[in-house]
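We have chain L; now place chain Y onto it with these hints.
Here is how the chains run, residue by residue.
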Amino acid sequence: AQSVTQPDIHITVSEGASLELRCNYSYGATPYLFWYVQSPGQGLQLLLKYFSGDTLVQGIKGFEAEFKRSQSSFNLRKPSVHWSDAAEYFCAVGTYNQGGKLIFGQGTELSVKP
Amino acid sequence: DAGVIQSPRHEVTEMGQEVTLRCKPISGHDYLFWYRQTMMRGLELLIYFNNNVPIDDSGMPEDRFSAKMPNASFSTLKIQPSEPRDSAVYFCASSQRGASYNEQFFGPGTRLTVL
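Line by line, the protein sequences give chains L and Y.
Throughout the first sequence, residue numbering follows our numbering, covering 1 to 114 in sequence.
Throughout the second sequence, residue numbering follows our numbering, covering 1 to 115 in sequence.
If we strip away everything but chain L, and leave its shape as in the complex, we get (with noise of 0.2 Å):
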């Protein structure tokens, strides 16, 4: 079955420190990528997106994001944690072939510390 995790809950990091939010999936087919944020009593906005090509993507708000084929992995960074970007971060996939279906994993609730 198509699945996607994200295997932390709940992150907090210090503000100016590196993030690394975590990100799988179990797809059979060549997967779209996407990471969605949602702040406090917000809809989710798009970070960034993976289709093809180079495999680090770069997205809104200084965030970019790896495609490990081989670890069937998503990872978001950002290299400086702003106190703005906590937030709840989603990643989610989707195939040609869902007819524009996207599997949303759990989210990982970041808090950022002064």
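Check each hint, because a few of them may be wrong.
As the list claims (entries may be wrong) - 25 Å max Cα-Cα, derived DSS-like pairs, lysine-lysine:
| id | chain 1 | residue 1 | chain 2 | residue 2 |
| --- | --- | --- | --- | --- |
| 1 | Y | 24 | L | 101 |
| 2 | L | 101 | L | 49 |
| 3 | L | 49 | L | 61 |
| 4 | L | 101 | Y | 78 |
| 5 | Y | 68 | L | 101 |
| 6 | Y | 68 | Y | 24 |
| 7 | Y | 78 | Y | 68 |
| 8 | L | 113 | L | 68 |
| 9 | L | 101 | L | 68 |
These are calculated hints, taken from the structure and not from any lab test.
Chain Y in isolation, oriented as in the chain L frame:
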């Protein structure tokens, strides 16, 4: 473009009442999705439409829930009768096949409280 529009933003109702949530997708998008988000269950896909036709409603919890898409610019999610366990944030999202490969654009959500 105004993005995905949802109304109302907040809804408080009493158990047993009918609730109707509304969504206007982004113009030109041919997919529309309804999600429910709770602390316990996270983000759940309830139903999605392609070209106004329901494709997969396997996530709809029970017969009390129904969704319609009478035209390309409007969809409703109805709960009748509502129960306290339906309290959640309901999101609508839309996407366009062939453009950005399934990227979904989310509305701001409707926070539903059933007393």
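Practice item. Take a quick look at whether residue 113 of chain L and residue 68 of chain L sit within 25 Å of each other, Cα to Cα. Key: 30 Å, violated
Exercise for review: For the pair we were handed, residue 101 of chain L and residue 49 of chain L, check the Cα-Cα distance against 25 Å.
Suggested key: Given that 25 Å is the threshold and the Cα spacing comes to 15 Å, the pair holds.
Review point. Holds or violated: are the alpha carbons of residue 78 of chain Y and residue 68 of chain Y at most 25 Å from each other?
Key: 8 Å, holds
Check your understanding: Between residue 101 of chain L and residue 78 of chain Y, does the CA-CA distance stay at or below 25 Å?
Key -> 21 Å, holds
**Study point:** Satisfaction of hint between residue 24 of chain Y and residue 68 of chain Y, Cα-Cα up to 25 Å
**Key:** 12 Å, holds
Review point. Regarding the pair residue 24 of chain Y and residue 101 of chain L, is the alpha-carbon distance no greater than 25 Å?
Key: 18 Å, holds
Practice item. Take the C-alpha atoms of residue 68 of chain Y and residue 101 of chain L, compute the straight-line distance between them, and say whether it is at most 25 Å. Key: Since the Cα atoms of residue 68 of chain Y and residue 101 of chain L sit roughly 18 Å apart, the hinted pair holds (cutoff 25 Å).
Practice item. Verify the proposed pairing of residue 101 of chain L with residue 68 of chain L, using a straight-line Cα cut of 25 Å. Key: It holds: about 22 Å lies between the C-alpha atoms, which stays within 25 Å.
**Study point:** Holds or violated: residue 49 of chain L to residue 61 of chain L, with C-alpha atoms at most 25 Å apart
**Key:** Given pair residue 49 of chain L, residue 61 of chain L holds - Cα atoms ~14 Å apart, limit 25 Å.
Hint 8 from the earlier list is the only one contradicted by this structure; the remaining hints agree with it.
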